[in-house]
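Same order as they appear, the protein sequences are chains A and B.
If you're matching positions, the first sequence starts at 1 in the UniProt record's numbering and goes up one per residue.
If you're matching positions, the second sequence starts at 1 in the UniProt record's numbering and goes up one per residue.
Be a bit skeptical, because a hint or two may be false.
What the hints assert, rightly or not - Straight-line C-alpha distance at most 27 Å; calculated BS3-like pairs for lysine-lysine:
1. B:K47 <-> B:K81
2. A:K353 <-> A:K100
3. B:K194 <-> B:K81
4. B:K212 <-> A:K100
5. B:K194 <-> A:K353
6. A:K353 <-> A:K509
To be verified - Derived DEER-like restraints, expressed as beta-carbon distance ranges:
7. A:L185 <-> B:D218: 20 to 28 Å
8. A:D211 <-> B:F51: 47 to 55 Å
9. B:L52 <-> A:E322: 51 to 59 Å
10. B:K50 <-> A:G326: 54 to 62 Å
11. A:E423 <-> B:D85: 52 to 60 Å
Unchecked claim - Negatives, chain B to chain A, calculated, CB over 12 Å:
12. K47
13. T192
14. E221
Please keep in mind that the hints were generated in silico from the structure rather than gathered at the bench.
Quick reminder that beta carbons are idealized off the backbone N, C-alpha and C, glycines included.
Residue-level listing of the chains:
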Amino acid sequence: MSLERPDPVDDGAVERTPDELEALLGDLVVDRDDHLNAPGFVIRPDTVQETLSVLKEQAGYDHLSVVSAQEYENRYESIYHLKKYDDPTQEVSVVVPADKDNPVSESAEPVFRTADWHEREAYDLIGIEYDGHPDLRRILLPETWQGHPLSMDYDLDRPQIATLPEHANPLQEHHKDADSDTMFLNIGPHHPATHGVLHLKTVLDGEQVIDVEPDIGYLHRSEEQMAQSGTYRHQIMPYPDRWDYISAGLLNEWAYARAAEDLADIEVPEYAQVIRTMGAEMCRIAAHMLALATFALDINGDFTATFMYAINDRERVQDLLEDLTGQRLMFNYFRLGGVVWDLPEPRDEFFSKTRDFLDQLPESVEEYHNLITSNEIFQMRTIDTGVLPPEVAKNYGATGPVARGSGVDYDLRRDDPYGYYDELDWDVVTEDGCDNFSRLLVRMREVEESAKIIEQCVDLLEDWPEDERNIQANVPRTLRPDDDTEIYRAVEGAKGELGIYIRADGTDKPARFKIRSPCFSNLQTLPEMANGEYIPDVVAALGSLDIVLGEVDR
Amino acid sequence: MSSDQPFITDESQVVTETRDARMTGQGDRFNSRLREAFGSSPFILTKFDKFLNWCRGSSMFMLQFGIACCSIEMMHTYAVKHDLDRFGSGVPRASPRQADVMIVPGTIVSKFAPRMKRVYDQMPEPKFVVGMGSCTISGGPFQEGYNVIKGAEEVIPIDIHVPGCPPRPEALVYGVVKLQERVANGEAAPVTVKPYELEEFSDLERDELVDKLADQVDDDELVMRYNFADSP
Chain A
1 MSLERPDPVD
11 DGAVERTPDE
21 LEALLGDLVV
31 DRDDHLNAPG
41 FVIRPDTVQE
51 TLSVLKEQAG
61 YDHLSVVSAQ
71 EYENRYESIY
81 HLKKYDDPTQ
91 EVSVVVPADK
101 DNPVSESAEP
111 VFRTADWHER
121 EAYDLIGIEY
131 DGHPDLRRIL
141 LPETWQGHPL
151 SMDYDLDRPQ
161 IATLPEHANP
171 LQEHHKDADS
181 DTMFLNIGPH
191 HPATHGVLHL
201 KTVLDGEQVI
211 DVEPDIGYLH
221 RSEEQMAQSG
231 TYRHQIMPYP
241 DRWDYISAGL
251 LNEWAYARAA
261 EDLADIEVPE
271 YAQVIRTMGA
281 EMCRIAAHML
291 ALATFALDIN
301 GDFTATFMYA
311 INDRERVQDL
321 LEDLTGQRLM
331 FNYFRLGGVV
341 WDLPEPRDEF
351 FSKTRDFLDQ
361 LPESVEEYHN
371 LITSNEIFQM
381 RTIDTGVLPP
391 EVAKNYGATG
401 PVARGSGVDY
411 DLRRDDPYGY
421 YDELDWDVVT
431 EDGCDNFSRL
441 LVRMREVEES
451 AKIIEQCVDL
461 LEDWPEDERN
471 IQANVPRTLR
481 PDDDTEIYRA
491 VEGAKGELGI
501 YIRADGTDKP
511 ARFKIRSPCF
521 SNLQTLPEMA
531 NGEYIPDVVA
541 ALGSLDIVLG
551 EVDR
Chain B
1 MSSDQPFITD
11 ESQVVTETRD
21 ARMTGQGDRF
31 NSRLREAFGS
41 SPFILTKFDK
51 FLNWCRGSSM
61 FMLQFGIACC
71 SIEMMHTYAV
81 KHDLDRFGSG
91 VPRASPRQAD
101 VMIVPGTIVS
111 KFAPRMKRVY
121 DQMPEPKFVV
131 GMGSCTISGG
141 PFQEGYNVIK
151 GAEEVIPIDI
161 HVPGCPPRPE
171 ALVYGVVKLQ
181 ERVANGEAAP
191 VTVKPYELEE
201 FSDLERDELV
211 DKLADQVDDD
221 ELVMRYNFAD
231 SP
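Bound conformation, chain B alone:
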């Protein structure tokens, strides 16, 4: 460095050039929106919660959970053509302990509701539920059936309802993407006490029915009691 060439001390220009080089010099493929947001600085400031929610919403693990007709359309949603994996929520997990989203694809009947509740309980927090099809909303075409629970929300909390009988795969994709949006924004259905809970037999209020079953069912056996008269 000779003395007749003064050392350039305008630091702002150096920074600008570096940034420009980063943003434009290497071609478009490095020009992601994330890069634009970062600018020259490789740091990002955000709330940890928000960041975690964003991660959570961008990578969801589905529970492989087939119940009825809707599960056929759900399989189509996972498979070629519709390929739910494109949205970062594809791979169905066979075990509830590895999943964080449960798609409820079908009619819930009296014998299955306690099992569904159990599977839901086995999923680790935080967990989300997509209700697929009319049956999970209200019982759908089977609402008047003697054995049908009038909607999955009688048993577990549901974040997104996808209507249809069955919904097209596109509709389910939309529902899941909406769920991802909600999760990324940190919203979820409040976990409240549902009309039908799993409880021990001895905790049920004594009435004619309980008395009748008393010698058939153990006191500590888990039961679900359905009050069909109060169902919507």
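Only chain A is shown next, with the shape it has when bound in the complex:
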């Protein structure tokens, strides 16, 4: 590990060419294995920490997006996808091959805290062991699971056993230390405040939380396996809707569409991009509305006014989305190279309905401010609770409203533009409070920004000449991207950076399909926010993270 202080010129936005990076890394690089999105440096499995800290401290790559692991015929491989928070278009991949018979590789956890869960997942699903990892256990599958399901020799028909440890009784003696009186408490997996099937193992001292450990995997639906067994052209697209299922379907579809389109070099017509942008922002509004609704539910209590109001607004967006796509929740609307159909006829009716919604939106946002953000009790519960300092957020790879609520100005729509975003006039919202309140505020203000985007898209679509309404590029019926091409592409989903890593092997199905879920990284920050706080603040912090278990577990 380098002990030199980073050269002030070197940090942040200075862009280096791949060759300069290779020179910086020097002997650490054994080989080059470039990906479509970034240069890839192959290193030895025992130099992971050294390489990553050089890249982090001297070249400014401070964002470990994801660790994607896979098994080849002759080796295992972990890839660390690095980016910069200041400029996410500067990417670099660190490729770490590991021995086929004894797949051991050095852990990156001391350099990037976020690698903790990512490496546990790689261990769980692929079977690579990470040397020096603080807590290498299964994360998604039960502890008693046999085999690693995404490795090559896994037998699907194998019987398995899952255990149900008896509910630990917090009053029992063996949960108490001799000289302390801490108490162990399970929250979940079936609990109204966990927003799905999340299990929090908490250790309490009185009403204060000493330690909270999220236990996930109760909704691990083998999404990656599903995508790997589907063909690029049609069979994968329905699944993204089901990752982040809080009506954020189009945002997720875009993640897959963007990765696959860049992989197969497909150009999307401008008109389709505008429709995509509009639909995606509608989804963002719907998703943020639910985040708001459930957050108010967590703070204020049972099914109360705010929840009903927000659901009412969601119903309006969902009506619009249903008109556009034909479904309320699982849209399956994007296709590689465009969208499946044009706007609904009569177009005027759709536009006026959309405008009606946008006109009414400021009023409802005002109402939410009256109901919750200006409510004194609500403020007491959320301001200065669940504090997440920006440096910690970055270390954990937090993105989306969670990062922006901590003042990290990172939004892929602006920083790594796709779709039609760079042609439109809107702002990235950040708040500096770093607390639960800021995260809520970011979401509420983002709703307004999304409304601005939708309005501009509607204006554009209204005036679009009739003979130029091209919704779909010419895409071959069967897509077979070139053998051994790899790509990692991300979009700004409702919860943050939603990325897809695909490795093509020349067939019509991906050889490896890895989902970088924003919630997975965001949820990792929970112990940082909750430890030392009171137990109601854990619930508030969890609500403000706005996780979706479908996306955490995949």
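Add chain B to chain A, keeping to what the hints say.
Below, chain B without anything else, positioned relative to chain A:
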């Protein structure tokens, strides 16, 4: 009462008038179907079972139980616009001990099935289950997943299946109303032994897998064993 005015002794007429007064005299708002059924008599004859079933079907307490995508549509069903409460089955209860209907809204995976079984066991009898969405029928789009249980009925008995991915709130309302009908008629899915049961580890048949886990799992720990090869 003078002697030239004979006392009216035609009792049937008195009764009729009273009944007419009850049924028509007070305006329509008292004219319920129940009143018509009662006629002049404030009594009703029925079997106690039938009456209890009718009560049960008319007021159902849901378990607030969210699993996956379908739970979003389930929330919409509870909330404004669709408002399941109109049908007397609205208020979701957070504790299984206060609920008598469980809507299973989502994919059941290996780690969650034992927990779902436990939650189901914690509900008081009589209890009913609505399976929401394709995943609870067959595993749905994830049927081929290595970690997915092929339908909730592998674990708990289900009374009503609502297909869809996800079903619209209207479909769920229909399913719940159908369940209420069934409950009112005294029908329920038979509680049978399911392929995947919670059992103590020491009760499992010894085989290679059990031997391998023997030093990891306590004998009295509850486990669920999945035979994926025999799954539909």
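Here is how each hint holds up against the structure:
The straight-line distance between the Cα atoms of K47 (chain B) and K81 (chain B) is roughly 37 Å, outside the 27 Å bound, and the hint therefore fails. A threshold of 27 Å between alpha carbons decides the hint, and for K353 (chain A) with K100 (chain A) the separation of about 58 Å lies outside it, so the pair is violated. Restraint check for K194 (chain B) and K81 (chain B): not satisfied, since their Cα atoms lie roughly 37 Å apart, outside the 27 Å limit. Note on K212 (chain B) and K100 (chain A): the hinted pairing holds, with a Cα-Cα distance of about 24 Å set against a maximum of 27 Å.
For the hint pairing K194 (chain B) with K353 (chain A), the CA-to-CA distance comes to about 50 Å; that exceeds 27 Å, so the pair is violated. For a cut-off of 27 Å, the pair hint linking K353 (chain A) to K509 (chain A) is broken: about 40 Å separates their Cα positions. Remark: the range hint 20 to 28 Å for L185 (chain A) to D218 (chain B) is upheld by a beta-carbon distance near 22 Å. Separated by about 53 Å at the C-beta atoms, D211 (chain A) and F51 (chain B) satisfy the suggested range of 47 to 55 Å.
Distance hint check: the CB atoms of L52 (chain B) and E322 (chain A) are about 41 Å apart, inconsistent with the given range 51 to 59 Å. One distance hint, 54 to 62 Å for the beta-carbon pair K50 (chain B) and G326 (chain A), is violated here, with the actual separation near 44 Å. Between E423 (chain A) and D85 (chain B) the beta carbon distance is about 46 Å. The supplied range of 52 to 60 Å is therefore violated. The non-interface label for K47 (chain B) is consistent with chain A: the shortest C-beta to C-beta separation is roughly 36 Å, beyond 12 Å.
At roughly 21 Å, the least C-beta separation between T192 (chain B) and chain A is larger than 12 Å, which holds for a residue marked as non-interface. In this structure E221 (chain B) is not separated from chain A by more than 12 Å, as the shortest Cβ-Cβ distance comes to only about 5 Å.
The structure fails to meet hints 1, 2, 3, 5, 6, 9, 10, 11 and 14 from the earlier list, while all remaining hints are met.
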